[in-house]
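Novice: Just so you know, the sequences run in chain order R and Y.
Its first residue numbered 1, the first sequence is counted upward by one per residue in UniProt numbering.
Its first residue numbered 1, the second sequence is counted upward by one per residue in UniProt numbering.
Worth flagging that the hints you see were computed from the coordinates, not collected in a lab.
All C-beta atoms in this analysis are idealised placements derived from N, C-alpha and C, irrespective of residue type, glycine included.
Incorrect hints may have been included.
Said to hold, decoys possible - Derived pair list, reagent style SDA-like, types lysine to any residue, alpha-carbon separation capped at 20 Å: (1) R:K23 - Y:K360; (2) Y:K54 - R:E280; (3) Y:K55 - Y:K304; (4) Y:K348 - R:N110; (5) R:K109 - Y:K360; (6) R:K109 - Y:V256; (7) R:K109 - Y:K304.
Stated by the list, open to error - Stretches of chain Y that chain R covers, calculated by requiring three or more beta carbons in the stretch to come under 8 Å of a beta carbon on chain R: (8) 187 to 194; (9) 223 to 230.
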Amino acid sequence: MAKMTYIKAITSGLDQVLSDDPKTLIFGEDVGKNGGVFRTTVGLQDKYGEDRVFDTPLAESGILGLAIGLSLTGWRPIPEIQFMGFTFEAMDGIVGQLARDHYRFGGQKNFPVTVRTPFGGGTHTAEMHADNLENYFTSTPGLRVVTPANPYDAKGLIISAVESDDPVLFMENLKLYRSMKDEVPDEKYTVPLDSAKVVREGTDVTIVAYSAEVNESLTAADALAKDNISAEVIDLRSLSPIDTDTIFASIDKTHKVVVVQEAQRMAGVGAVVASDIAEEKIMSLDAPIGRVAAPDSVYPFAQAENDWIPNSDDIEAKVREIVNY
Amino acid sequence: MANGSKQIVDFAKIKATMADPYKHPVQVIDREGKVVDPDTLAKYSDDQLVDFMKKMVWERTLHEQTMNFSRQGRLGFYAPTAGEEASEMGSVTAFKENDFLLPAYRDLPQMIQHGTTVAKGFLWSKGHVQGNQHENPNMLFPQIIIGAQYVETAGVALGIKKNGDEDRVAFVYTGDGGTSQGDWYEGVNFTSAFQAPAVFFVQNNGWAISVPRRKQTGAETLAQKAVAMGVPSVQVDGMDIVAVHEVSKAARDFAVAGNGPVVIETLTYRYGAHSSAGDDPSRYRTKEEEKPWFDADPLIRLRKVLTDKGVWSQDQEDKLVDEYKDEFKQAMKEAEAAPAQKVSDFLKWTYNVPTPAVKKQIAEFEAKESK
């Protein structure tokens, strides 16, 4: 087993699926010779050829049309949308077409497309590059949305996403690409597409988070532990569907919960998690559901993004408030 | 620069000559029923020409019967096709069963010709899933988001190329309004970039609901838009079924030979409303505008050629109309006998593997549905 960055783990997973299934195709802007603007697909065109890993013209709606049409002719497409902000140009392709095509055919045809796209704040990108746009997609029936928070899950989830016959939006966190390393097996393994994971066990309070906020939550849990507050941290991994069983089991133990997201507070994934908890587990709670989220402004100009993105201090403060309620 | 001196580039001249290659739309039989290209017509046997006529009578009768059903409240959304018979039947008959059709909502007649049933067409209009389940798997359902079928064509065409299918193309339809969509350009351009086999039809029927063709673009023709993508294109008299068929066949041959895609603009006319859902053309166009198009009717001109040849009669046509009407009434009965749809099925088709929440909802709806 080797120590691998998050980005290398994704590359390793893509290498695996290209090798396993000759019908898989990787395409998008700059993914070929350049290996992607972040080098996520580096070396794959050399290894599998231009027929399997190729550049497209610069047009996101065209890329999604390509993915849908290739599915109709027996291929298993893995398109990349270079930044999540660019998915707006592919909104009809993803939400209007891809997500509902299996349904429209009454189940007769599959559209096994995995759309990969980087997102997430904290790396001082130009605007429209870092936004957390998951809520546009988690409200879309027919589409699965997953996002790993560590290298191990990154490889296992990308393999599961590609092998799934459902369309999957695979969100890759920009800040995590090279900021963390993990033991990642060289051989093939999968991580289920619809399950959350308890990444730190605790007894006093449950913190539910995803993507980069999982690490912020773990940092907060370390700080809280010094004051004998034992926080359990859950990484959602799948944003659609949400694995409520894992969350509910934890709440039955801790009776307190804080839901964390990097996205703006309005109508986000955290709101869905909070409402599921309120609907099913309100009698098990000893305190209101706590929420930590970015404020409801447009994503900030890069110089100010660290004042805006929720961090471990924000999470720690909210947990203390809920624990002491 | 001094007044009157020659400028380095003559934009006025460039603009004035851009549409030059499109001055003469392809035509075999003119609006008076006169054969203007006898050599091309000679390639067609009387049987083939009679078959073209039958197909146009079939489509016109389908349209009229569909409007009747619509007025009786037995159908949902329907986009009238009268006037476009030569454009639709002339093109679709140039393709093979294994070619992949990406239709829009005015293309039910081509879908039925390509391998679905009239009953399925009615079921689509009524809003029933069986209307999307075709006998020939080589087609999509009618696209509603205009332009999406164009980008998806790029994928189908690239898939055909990657599969190494040698005698297969993707073919797709949109209208004049559709050419204003960004997806129209992306679809044609992607297919060109990959030199993949596709034939893109633009059925220019003059109107995008109430907006006339001239308001869609400053370009003189829609066909010339293809030039910017490195794609050859042509304008064809869309009321002349022989011309449309001949051009479509040539386009298919060109595409399957590995030369990349073709764009075909058919000049046709939408006789009726945009759709059966309350559109009233008298709000935006005049009888004076309509008349020359009605006079250019595709059935009138082929009927004249065939009558002159002595291979067609009004009696024969009237009998056919009656036969087709019976067939369509039977198809409507079949459509009306389709089983009621279940929400539990909708839930089952939303994902291949239902999510936990969807599983729960399936159980809830199945319990309701079994009562």
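Novice: So, for every hint listed, does it hold in this structure?
Specialist: So, going through the hints one by one against the coordinates:
no., hint, in the structure
1, R:K23 - Y:K360, "34 Å, violated"
2, Y:K54 - R:E280, "64 Å, violated"
3, Y:K55 - Y:K304, "16 Å, holds"
4, Y:K348 - R:N110, "13 Å, holds"
5, R:K109 - Y:K360, "24 Å, violated"
6, R:K109 - Y:V256, "25 Å, violated"
7, R:K109 - Y:K304, "45 Å, violated"
8, 187 to 194, "holds (count 4)"
9, 223 to 230, "violated (count 0)"
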